[in-house]
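**Student:** Below, each chain spelled out in residue letters.
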Amino acid sequence: MTDESQQLESITQKEYKAGFVTDIEADSLPPGLSEDVVREISRIKGEPEFMLEWRLKAYRHWLTMETPEWAHVHYPAINYQDISYYSAPKKKDDAPKSLDEVDPELLKTYEKLGVPLDERARLAGVAVDAVFDSVSVASTFQDKLAEEGIIFMPISQAVHEHPELVEQYIGSVVPYKDNYYAALNSAVFSDGSFVYIPKGVRCPMELSTYFRINAANTGQFERTLIIADDDAYVSYLEGCTAPMRDENQLHAAVVELVANDRAEIKYSTVQNWYPGDENGKGGIYNFVTKRAACRGESSKVSWTQVETGSAITWKYPSVVLQGDNSVGEFYSVAVTNNMQQADTGTKMIHLGKNTSSTIISKGISAGRSQNAYRGLVRVTPKAENARNYTECDSLLMGDKCGAHTFPYIEVKNPTAQVEHEASTSKISEDQLFYCKQRGLDTEDAVSMIVNGFCKEVIRELPMEFAVEAQNLLGLSLEGSVG
Amino acid sequence: MKQLTEITTPFSEVAKTVSLPGAGLDWLTQLRQQALGLFERQGLPAKKVEDWKYTSLWQLSREGFTHDAKASTLQASEVADAAVLEDAYRVVIVDGRFNAELSNIEGLESGLTIKPMAEAWDQAEKLLGQQIDLDKPGLNALNTMLMQDGAYIHVAADNSITKTIELLVISTADNDRLASHLRHLVHLETGAKATLVENYVSVGETQGFTNVVTEVNLADNASLNHFKLQHESLGHYHIATLASKQAEGSQWHTNNISLGSKLARNDIHSQLLGEQSHVTLDGLYLVTGDQHVDNHTRIDHAVPNTTSDEVYKGVLDGKSHAVFNGKVFVHQDAQKTDSSQSNKNLLLSRSSEIDTKPELEIYADDVKCAHGSTVGQIDQQQLFFLRARGLDETAARSLLTYAFAVDVLQRIKSEPIRQGLSNVIEKRLPKGA
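Chains Z and R are the protein sequences, given in the same order.
Numbered according to the working numbering, the first sequence spans residues 1 to 482.
Numbered according to the working numbering, the second sequence spans residues 1 to 433.
Quick caveat, the hints were computed from the structure, so don't treat them as lab data.
Treat the hints with care, since some could be wrong.
What the hints assert, rightly or not - Covered by chain R, according to a simulated footprint, are these stretches of chain Z (three or more residues, beta-carbon under 8 angstroms):
# : segment
1 : 398-404
2 : 407-414
3 : 417-424
The beta carbon of each residue, even a glycine, is placed where N, CA and C say it ideally should be.
With the rest of the complex left out, here is chain R:
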């Protein structure tokens, strides 16, 4: 096998010495061992791996993170400030471990189960790891060999959960160079419905590493509204995989908002395995300074009559670098696929860089697939229009930037979530340069 990389890291040593929850379970130990074997062969992907062409993990590999978390001093009020929603079931993970005191998962609606992953291995066994590709160059193997905790969410058949679940993953300055490897599993049985917000945030300045895999399994006619907000410190690393398997008639609506971190990478993979299933992948990235954000999405239309819809928008300021790669893969039997994708980018500064690549791979003939991608700047005429009406340059630019980004938010149907996300985003919007 071809050596994928020369990047070596201390992670394998950690995996051999650290004691992880669930170590007594044979199947889990085996899975972690298998992942360790793979990781030792592959290492971290280097830039010559096509999927990592524009994103270098070299710096990350040199950081020397710790894996020992001290007890956190996080207060309930700080958690409330960090949350997007006031009224929600709250699963709080602090510095890589579930925190029962700060969470609010008592008195759940019927049909809903929420547990920390470290206590739910048995329930998760059947589906854990089924949604992701362990071999793929990336960090899935690293995550699997070191996964320590996360959230296990299960909705029994035909239950519609009315209250939103907010999964709040907080990194604190108490453990400012911590690497945490989290694994979430969301399983919706036939006809079940739920709304989930994943919220990744730093309290204080952190320079840690969040390595997370979220697996989503949707049975027939299940429906999940799935939001992800990432606004960790600008010294933080965030690498995430979000993967789903969807059965007949299921719906997965995702919205991926990336604002924080020095380096953020999201691999989002939707597998449409049942007819009439649908996926929406929306995303917004706002980056400035020397931030680097990379969104890789892939949609597999594996069977006939499935649909997908994707809108990703980016605003780049400072010396930031954004990468978008959206692949739509239509398998040979997947007739009547209908897929559309768009990626639009706004460059605000001289030294920002965008690399975008919308890809189509189509092996069926009776399909409708379209994608579009644009890169541009603030329109001078629009700017002139606003200036002529008395706005100063800064305000006018800021307004136009907001107008560009707000599209993605307007696609969110739930009012409290849209409001919660808008509040965070508005603070991050560049004020015009």
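Chain Z on its own, in the form it takes in the complex:
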């Protein structure tokens, strides 16, 4: 092994920074899954009847389903009876009414993570709905948003305050029958965010949620629902971390987005769940269903994701382009290192006329990891003049990792223009040599080349996230050989 590779190796082996455990008492259900557990979750949350019915339908359907095995990932079977399906920080008395009442331990956790929950948040202009394990502990800026008529609250609260909206939209994009993990999530989801932007409103600030899995042996099953009504605009950020634990933890989330006429939703994710150690011990199983419906004409949904964490990622943020002239975008950087496995990509389903979609996917594999892009572009017979452009590039760092591309293209309308391009390459000795000759050390050179490789995606991220993402990229790849 060359000096360079050793140097790179040492950088990749950097420790997981967000891997601390917060010591607070939690109210958890004992491990196990049954109809009673589903009923209990619903009872704890004091949900209306329609939610319980829906959960039970989902649970009964889930029992009939089989674990999907088509993804390019390998892991031991999950025992769903070993998982606790509900965990909430123990409440002191009642729910906190303001930030001052929030458990200081919790606040400290967020501080370590750099979430601007307090005054700094106002300066940063970010409203945070922080999800700690299963319950949203505090949401900021609600008043300011309320003035505009924007609803931004935990979904458990929205079920009480806006049941008509929840009932109308929940499961309308991702039905509970959709897939194995979506069904499981529908049955046991604990909390998540609910956003409603009324007609003609442009959300004045970036909305943000921070997910963190804390308690051991719990799964996090959050459910996010965002609705942008006619002519509305919202940009939503989501960040995720989890403490280091030896067991694998399960995260099966569902995100549903609905964009009505001329509405636009921008959804950005920086996912930094614990990836496991260098031997593949521990880490999060991230099995997520994310889908957007461009219901209205000229609506637009843009997914941007930077995926650096998780032991296993199984995630395909999709857009169903129903409205005429609607636009779907998917920008993704997926980094895998050590023993991580990622099978991620997108689906663009063209239904309306003059719809267009863009897919830019950048995969970086290092160590002994496996990184797969899996995507579908479907043009249905009635989707006149559909347009798709897809670009998937892979960068390999090390001779034990894998990079794979599985793009499905299905076209049933001759007016479609569909293009797909993919390439695979490594950081060449020439590039490294060039940078080093100009005084950069190997680490900075690799970081610079990687950031250049991902530039098209990173620039789609909101400012604060872009900085975080670039740091994360550097962190995740430190030590990887070019």
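Guided by the hints, dock chain R onto chain Z, whose structure is given.
**Tutor:** Coordinates of chain R only, in the frame set by chain Z:
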């Protein structure tokens, strides 16, 4: 084991009762038995098998083909019309059986052996079945348990065969619902060179089933130019596997032209097992009416320093449905692999459908792999340009379609073959709608 399919067929019954050439050979009987066992477990692949996601064999399974061929009345002049090349060694297989009278394999160049498979089992024994994966969901097991005849072609070391070999497989209307299960083996020893044209054609209207496996084994520095033309009747079924194993420095250039059949499926598999070996997979499919064509290609780069190059183009008219799946698999040690792949499709009609999936699976880091795939229609500006110069709509569209397809032909180096194939293709090109 998971049940792969619910499609049941009468083929296993046929395998148990029919008498096949070479039945006295123990190894062959064993191989056929093994295949029968597999086929009885697997059956025909159903659509839930990923590789058969877009192609249904259900209709085929209901056709009730016969396996008894009557003597054919095919004339020498009809054979000459069906052939792509005038000057070639001609191996003629009519309705599933080698026909010595119509063939022309006398006075072969030195180093070249051509025999009907039914008389060459002994020579073929060592390599037969080595190039294909019997377990793979598909029709390899079916082919193996029922293989009856085909061509055995062998070129001894360091011989360059100058004359092209044309393997002419003819289905005739005398046996219009016949299933024939053919097996060809092409073996080129070290440094040998040859050119082969496989030509599948119907004389008269046929509604039969051609199930063929061609195995290619190329020793060090061997080189094979391999063309396949399939223009059987529109009521015919054509299912083929084309598989190679390539040793160091060997070259395999294939060109797969699919024009005919109601349902055509090609599984092409190249295994680059020696350094400096190269494969070119080219293909063209022109389909119309309710034709269905499915090309699955897979290239295994198993060792360092191998290259591959693939261009597939398709023109779809009528209610046709085309499927392309191209997989490039780079194994862990296969550093310095260089691979490029492109699949382009032209949709001419409202109700045609294309499903394309270029795949990369890469386990080595120092590689250069790229693929691209497009789906589109005739460019309105190009059309306008031609119209402005006085061509009518139909002629202009026809010319643009030809221009799109001709790319693949231009990659053919041999003039007589290019001409022979062009003649057939031009007749099939849609005249613009």
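**Student:** Confirm or reject each hint.
**Tutor:** Hint check:
1. 398-404: holds (count 7)
2. 407-414: holds (count 8)
3. 417-424: Coverage by chain R holds for the segment 417-424 of chain Z (8 residues, Cβ < 8 angstroms).
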